[in-house]
Amino acid sequence: MLLRHTAANLAERKALTINPAKTCQPIGAMYAALGVHGCLPHSHGSQGCCAYHRSTLTRHYKEPIMASTSSFTEGASVFGGQANLLQALNTIFTVYDPDIVAVHTTCLSETIGDDLAQIVRKAFDDGKIPEGKKVIHASTPSYVGSHVTGFSNMVAGIVKAFAEDTEEKVNQINVIPGWVEPPDMREIKRLLKEMRVPSVLFPDTSDVLDAPQSGTHQFYPAGGTTREELVSTGSSFMTFGLGSFASESGASELKKQCRVPYELLDLPIGIRATDRFLFRVSEMTGHQVPESISAERGRAVDIITDMQQYLAGKRVAVFGDPDQLIALTGFLVDLDMKPVHIVSGTPGKAFRKRIAGILGDESANVHNGQRADMFLLHQLIKQEPVDLLIGNTYGKYIARDEDIPFVRMGFPILDRIGHSYFPTVGYSGAMRILEKMLGAIMDREDRDAPEEQFELVM
Amino acid sequence: MIRSLAEDTILSGRERQVLTVGRDSHDIHCEAPSKAGAVSQRACVFCGSRVVLYPIADALHLIHGPVGCAAYTWDIRGALSSGPELHRLSFCTDLKEKEVIFGGMEKLEKTLNELIPRYTPKAAFVYATCIVGIIGDDVAAVCRKIEALHGIPVIPVHSEGFKGTKKDGYRAACTALERLVGSHEGAPVEKGINIMGEFNLAGEAWIITEYYRRMGINIVSVMTGDGRVDEVSRAHLAGLNLVQCSGSLTPLAQAMEERYGIPFRRVSYFGIEDTAAALYEAADFFGDSRIKRRTAELVAEEVAKVETEIAAIREEVQGKRAAIYVGGAFKAFSLIKILRRLGMEVVLAGSQTGGPDDYERLTKMCPPGTVIVDDSNPLELCRILMETGADLFIGGVKERPLACKLGIGFCDHNHERKIPLAGFIGTVNFAREVANTVNSPVWRFIRRRRL
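Protein sequences appear in the order of chains A and B.
Last residue of the first sequence: number 458 in the working numbering, and the count goes up by one each step with no gaps.
Last residue of the second sequence: number 1451 in the working numbering, and the count goes up by one each step with no gaps.
Each hint should be verified, as a subset may be incorrect.
Here are a few chain A residues that sit away from chain B, every Cβ distance over 10 Å (derived from the structure) [as the list claims (entries may be wrong)]: (1) Tyr262; (2) Thr285; (3) Ile304.
Think about it this way: if two alpha-carbon atoms lie no more than 20 Å apart in a straight line, the pair counts; the simulated SDA-like pairs of lysine to any residue are [unchecked claim]: (4) A:Lys62 - B:Ile1446; (5) A:Lys14 - B:Lys1098; (6) A:Lys62 - B:Arg1144; (7) A:Lys396 - B:Arg1088; (8) A:Lys396 - B:Asp1075; (9) A:Lys62 - A:Pro412; (10) B:Lys1096 - A:Glu12; (11) A:Lys193 - A:Pro347; (12) A:Lys14 - B:Leu1149; (13) B:Lys1418 - A:Ile417; (14) A:Lys14 - B:Glu1109; (15) B:Lys1098 - A:Gly113; (16) B:Lys1320 - B:Ala1277; (17) B:Lys1418 - A:Glu12; (18) A:Lys193 - A:Ile293; (19) B:Lys1096 - A:Gly113; (20) B:Lys1096 - A:Gln370; (21) A:Lys62 - B:Glu1109; (22) B:Lys1096 - A:Pro347; (23) A:Lys14 - A:Lys396.
Partial pick of chain B residues on the chain A-facing surface, computed with a CB cut under 7 Å [as the list claims (entries may be wrong)]: (24) Leu1011; (25) Lys1035; (26) Gly1037; (27) Pro1066; (28) Trp1443; (29) Arg1447; (30) Leu1451.
Derived by calculation from the structure, the hints in this document are not laboratory data.
From the three backbone atoms N, C-alpha and C, an ideal C-beta is built for every residue, glycine too.
Same shape as in the complex, but just chain A (with noise of 0.2 Å):
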């Protein structure tokens, strides 16, 4: 067994992490900024690291990642990083022309104290950044938060560059998805236009991280949120802010910047969310959810009627980001599961404190920040064992040596398809983790069941 060195007993541990739940902020800043139409992420470090995020993204979309690094040496990390990234804008825009470049830190570039927003003004005084293009920037140290906080960081960072504000706002609301997957973007959007709720949401990796096979390389592929759009946030009426991890300092820079108040919403993820989502939608605009939304709540919701026998009781470890582990929570509560083992990486004490109110008299181990690693998650399912296990790809040892059904969710997935092309969020969404909860169940009953027992109809 590959986990074979995993005790069951919990010695504490005061400095080692083992097998992390989580990753650094840089690869959240770069995704962020793959969510704006024609934008170039950069990378103002090492080489490694830029290379690091792109082969997980390539790995997890299967999708060619472009972004570019400052490529540090020894002489940058002596004198400062700024001759890098000043030559580096040049060499961007002359070779690779993108309308927008999108500057984030990494723990180097950080630790040595380079000033991006100094940088960046020096290089629009000296002429380096061509007419019309735009050069954006996030702080991202790697050593505070996790890859969630750089996603957020970035999304500030695009907030601060694009949104004007206007003296009259408009009929438009903004939507932050958070760090959603291309197709949840994608049915954000589908279920805001069959309300026909004028919106704009950002950033939008849809048509960007799941395009179609062309028989070209699109460079800057067609989706990802305008700039005209991303001006426009900042006379919008309000903001809606989904998953207060990755969405809120967004969300509150508009409000600083262009006085855009915004509610923060959990992931549209179950029932529960996505009633409460597009009820307040509905509420703020005053645009009705037509039936056909409903229509499809109404079909995940027999979904649950006809299947509930299976479902009833099952213990279940979820592990992954914040936003979504609150929200799936509220979901398996929803669906009379027993969430028993809660993990994430990502620290902020708003987490268990979130998990504890979805969790009411229930009890279960909720962990996070340092040391809330796939080890500690493995040491709990130990002492207390589950019928099924949630979270990204990282899950498959433990299921492994442990026996236990798998549903892959969240980030990375390294090992399978189909994040990339079917959402989670919505009622669809709903559909589509019921029919992997319940595949994963019911294909574990089957395997397990005497001959006598073995069923033809579930």
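Go by the hints and put chain B onto chain A.
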């Protein structure tokens, strides 16, 4: 008439890093740092060290730095072990702001003290990342202290990401391995070899060692595929080092020649010719007529096993055009030979980290019209692929989706391969994979574009 690349295909400033054989007379300008702002396919020093040492399965590999460097290198490539699997876990100090300000040595020490009793490894490698180099942690001092405390080798790997290229990372890994080599006493192993630069991504080391065993040659160590600390520690007892892969373990082989007088030979296990040559290299070195006879028998027997199938596959792929873009140039030499055997035409040969000698050899090997590139990027690669009308692209993880988007067959000859491509059997595996992708029915749905 040799077609020249379109004027805008080569990015400005890279003119000397690209040439068309038979047209251009300049040497390839290489081993330079990538230009800032490039969408480079290259990685960093840490990456180089990590890939070389990673397959040592009974050692502990601790990443001293923020979480990312550990997360991105956690079990992402095959490093098959026949025993321990310790190397497949991800350990890190997960440095935070506090340590960045006050130093990370205390946390490193605590981490090692928590780790070593828990896993009782044979040795520990501690990788320094960018930030450790900046904040100035004395990693070596902590390692010495822990080594004295726990009685196992605790070896610092000076792999700060910004201190050069991936190649410098190989060097740092070799320096770390040097610490282990020679640490076990013993008598010289008769007809003993070390197989170096073989990482057992998909079982290649097992194929190769089996050949040598059948020849009557003793394997002292494989560095580092399916590697063990004790084997590496005894590597100085071998009589010959066989070094595969362009750059990765050559510095160690050179150091071992200097220190222990062990000569080394560069070999490759990709393709029929090169595999046979690698086996004969060892047989000739030891000069034993029995070994030589057995080697000849083995080669004849193994070639006979695969000949018919390779000939059949040749029928399916001959005349197709292949493009190669790999990490080290040495692999490209073997690939060119295999592709030629399959009747395919090589239209592009490039590498991330090739040296001047490598490019000279590539230029000599390739027919007029072949494009040779150093440290390329997606934009350029796509244009060259479309201009040369390639049917097949051989590369790594970041190249795969490029090929797929263009509607070109792809073969991973890097660390995401899932079947062994080494030895005689590996040649068939490779040929089969090439034929499958080049002739896949999926291409029927795609109109491939050309420039």
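To see whether the hints hold, each was checked on the structure:
no., hint, result
1, Tyr262, "holds (28 Å)"
2, Thr285, "holds (39 Å)"
3, Ile304, "holds (35 Å)"
4, A:Lys62 - B:Ile1446, "holds (18 Å)"
5, A:Lys14 - B:Lys1098, "holds (14 Å)"
6, A:Lys62 - B:Arg1144, "violated (43 Å)"
7, A:Lys396 - B:Arg1088, "holds (13 Å)"
8, A:Lys396 - B:Asp1075, "holds (12 Å)"
9, A:Lys62 - A:Pro412, "holds (12 Å)"
10, B:Lys1096 - A:Glu12, "holds (19 Å)"
11, A:Lys193 - A:Pro347, "violated (35 Å)"
12, A:Lys14 - B:Leu1149, "holds (19 Å)"
13, B:Lys1418 - A:Ile417, "holds (18 Å)"
14, A:Lys14 - B:Glu1109, "holds (11 Å)"
15, B:Lys1098 - A:Gly113, "holds (16 Å)"
16, B:Lys1320 - B:Ala1277, "violated (27 Å)"
17, B:Lys1418 - A:Glu12, "violated (38 Å)"
18, A:Lys193 - A:Ile293, "holds (11 Å)"
19, B:Lys1096 - A:Gly113, "holds (16 Å)"
20, B:Lys1096 - A:Gln370, "holds (9 Å)"
21, A:Lys62 - B:Glu1109, "violated (39 Å)"
22, B:Lys1096 - A:Pro347, "holds (12 Å)"
23, A:Lys14 - A:Lys396, "violated (26 Å)"
24, Leu1011, "holds (5 Å)"
25, Lys1035, "holds (6 Å)"
26, Gly1037, "holds (3 Å)"
27, Pro1066, "holds (4 Å)"
28, Trp1443, "violated (10 Å)"
29, Arg1447, "holds (5 Å)"
30, Leu1451, "violated (10 Å)"
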